[in-house]
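**Student:** Here's the letter readout for the chains.
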Amino acid sequence: MIRDVLHLIGVYTKTIMKSWFQYKVDAVLRSLAVFLRESTGIIVVYFTLLKFDTLNGWNVYELLFLFSLLFVTYGIMILFFTGLRDFGGTVRNGGFDRYILRPRGLLFQIIFVNADWFAAIGHGGLGIVLFLISASKVGIVWSFDKAMYYLFAIFGGVLIQGAIFLFLATLNIYLLETGSLKELFYWNARKFAGYPLSIFHKAIQTVMLYVVPFAFVNYFPAQYLLRKEDMAAYPEIFLYLTPALGVAMYLLAYVFWRFSLKYYKSSGN
Amino acid sequence: MKLTPYLAFAKKSFLNRSAYRFNHFMGILNTLVRIFIFWCIYRALYGERNEVDGITMAMVTTNFVLSIGMDALFSINDYYLPNRIGNGSIATELLLPISFKGRMLFENLGNTLFQLIFHFAPALVVCVVTVGVLPPVSFGCFLLFIISAVLGYGVLWNLSFLLQTFSFWLLNMWSLMTIKNVFLNVLSGSMIPLWFMPDWMAPVMNLLPFSSIYFTPVQIYLGQLSAKEIGTKFLVQMLWIGVLYLCGNVFWKKGKKKLVVQGG
Chain A
1 MIRDVLHLIG VYTKTIMKSW FQYKVDAVLR SLAVFLREST GIIVVYFTLL
51 KFDTLNGWNV YELLFLFSLL FVTYGIMILF FTGLRDFGGT VRNGGFDRYI
101 LRPRGLLFQI IFVNADWFAA IGHGGLGIVL FLISASKVGI VWSFDKAMYY
151 LFAIFGGVLI QGAIFLFLAT LNIYLLETGS LKELFYWNAR KFAGYPLSIF
201 HKAIQTVMLY VVPFAFVNYF PAQYLLRKED MAAYPEIFLY LTPALGVAMY
251 LLAYVFWRFS LKYYKSSGN
Chain B
270 MKLTPYLAFA KKSFLNRSAY RFNHFMGILN TLVRIFIFWC IYRALYGERN
320 EVDGITMAMV TTNFVLSIGM DALFSINDYY LPNRIGNGSI ATELLLPISF
370 KGRMLFENLG NTLFQLIFHF APALVVCVVT VGVLPPVSFG CFLLFIISAV
420 LGYGVLWNLS FLLQTFSFWL LNMWSLMTIK NVFLNVLSGS MIPLWFMPDW
470 MAPVMNLLPF SSIYFTPVQI YLGQLSAKEI GTKFLVQMLW IGVLYLCGNV
520 FWKKGKKKLV VQGG
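Taken in order, these protein sequences are the chains called A and B.
Letter 100 of the first sequence, counting from 1, is numbered 100 in our numbering, and no numbers are missing.
Whatever position you read off the second sequence (first residue = 1), add 269 for our numbering.
Any given hint could be a false lead.
To be verified - As a list, the in silico DSSO-like pairs of lysine-lysine whose alpha-carbon atoms are at most 27 Å apart:
#1 K449/B x K182/A
#2 K51/A x K449/B
#3 K24/A x K527/B
#4 K370/B x K526/B
#5 K525/B x K281/B
#6 K14/A x K24/A
#7 K449/B x K523/B
#8 K449/B x K24/A
#9 K271/B x K281/B
#10 K449/B x K497/B
#11 K228/A x K146/A
#12 K370/B x K449/B
#13 K265/A x K182/A
#14 K191/A x K449/B
#15 K370/B x K522/B
No lab work stands behind these hints, which were simulated from the structure alone.
This structure is a prediction, so every number in the text was calculated from the model and none was measured.
Construct the complete structure from the given sequences, taking the supplied hints into account.
**Tutor:** Here's what the structure looks like:
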């Protein structure tokens, strides 16, 4: 059983890599373009902080560290959840009906039959570069505990975003078009997430904490490692919630997914 | 040149836009979110200070509202020509007894008019009520701002057209356009007000057309430029339009020839 699953994952991954890297120059250019597009915000922060030194007590390296968590988690997440990102299209063009007919788990197929390598390399690569630039300059004394914390935080951050993707994908079963909802709830929230939570209006903070909890993807993990003064506004427990929240959100999204599958109606005839 | 068919194209693209309501509201929300994030960042950066280098918080806010607003207003379809080359419909469209470039421009103008009424105006009202926007310093400055904004649109349109003509030779237009947008976002003032650009960036800014698109109109609106400086800036804008237009034309003509050869 396990061998069969691993074998299938291997075959899928090989095919995906083949299709994404078929045109090598194109693959390099696209990854580079994603990398540069995502760097825009970083370049802007860098220039801005040359003038202003700190943003609510955060210096430029601390902000880069905050950004790096966002990009690393997205880079890993998109390798697994590309199928959920594009799930609306899969439902509309009937691809999902084919999955249903195959003798394997639906979510298994969605997760492993596609992976956007350009996005993964672009985002993940940028995350790693930012981490390498900032990690030694923000005064973190790396120990075993902190490294473990970091890994668990990444794991939690990936699951939180994966759960949001799974939740939004599930909505496709009820509504045919959810691109705008994703824009509203995921991408707009993510735009705020690059900056310290404390600079925003209370209403935005509430959204980032309890509705689309991006604050737990990068802000609180960064706070645990950096301990900036603006942490005083939030309960200490928030520093430790990321992995648990990730698992809980993912399980909830999964239950919603299983429940909703019963109501699936094909878009075709 | 008769204008009627082109106006029909403008009208068509205007009406096309009214079909997708929910997406349209999302677009406005997007613009507001962008403005709001930068407002929050600069509010935190300014803290207790009233001004930094003679620039007040209200000026920074106005810069973001106007340049992000113009960004939404000008929204040019960078893939107009690439899509038509990709699916081959360019061949029949070139046979029509109208100018392809003229049609392209007017379809975009129709879209821009739609954006002005249903995107820019409501977004501006929300911004005036929430974050606050400075009024133009005088009616004269406001008129000059409009002229400068139209010239800025000309710069951006011709820049986009020049890059689009590369699709006669390149397949991967997405990467090219994405990289253009990185430059546009960083150097146009819509993400960092150009007053705060480090001094060593000045030569880069002067050698590239990006500051002529949104920032020149904003400076005029805020009354930061003397009459003489406004004259110079207008000349710079027109110079960029001229240069980009001529380059675009060269590639357009060469590309069309190549296309004919390919078609046999």
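**Student:** Does each hint hold? Answer for all of them.
**Tutor:** Verification of the hints:
Of the supplied pair hints, the one linking K449/B and K182/A holds, its CA atoms being roughly 25 Å apart against a limit of 27 Å. With a C-alpha separation of about 25 Å, the suggested pair K51/A and K449/B falls inside the 27 Å cut-off, and the hint holds. Between K24/A and K527/B the alpha-carbon distance is near 26 Å, which keeps this suggested pair within the 27 Å criterion. Between K370/B and K526/B the alpha-carbon distance is near 16 Å, which keeps this suggested pair within the 27 Å criterion.
Restraint check for K525/B and K281/B: the C-alpha separation of about 26 Å stays at or below 27 Å, so the hint holds. A C-alpha spacing of about 16 Å is found between K14/A and K24/A, which places the hinted pair at or below 27 Å, so the restraint holds. The suggested pairing of K449/B with K523/B holds, with an alpha-carbon distance near 22 Å, which does not exceed 27 Å. Of the supplied pair hints, the one linking K449/B and K24/A holds, its CA atoms being roughly 22 Å apart against a limit of 27 Å.
The hinted pair formed by K271/B and K281/B meets the criterion: a straight-line CA distance of about 17 Å does not exceed 27 Å. Between K449/B and K497/B the CA atoms are separated by roughly 31 Å; this puts the pair beyond 27 Å, and the hint is violated. Between K228/A and K146/A, the direct Cα distance comes to roughly 16 Å. Compliance with the 27 Å bound is thereby established for this hinted pair. About 21 Å separates the Cα atoms of K370/B and K449/B, which keeps this hinted pair within 27 Å; it holds.
For the proposed pair K265/A and K182/A, the alpha carbon gap of about 21 Å is at most 27 Å, so the pair holds. At roughly 20 Å between alpha-carbon atoms, K191/A and K449/B fall within 27 Å of each other, so this suggested pair holds. Simply put, K370/B and K522/B have alpha-carbon atoms about 12 Å apart, close enough for the 27 Å limit, and the pair holds.
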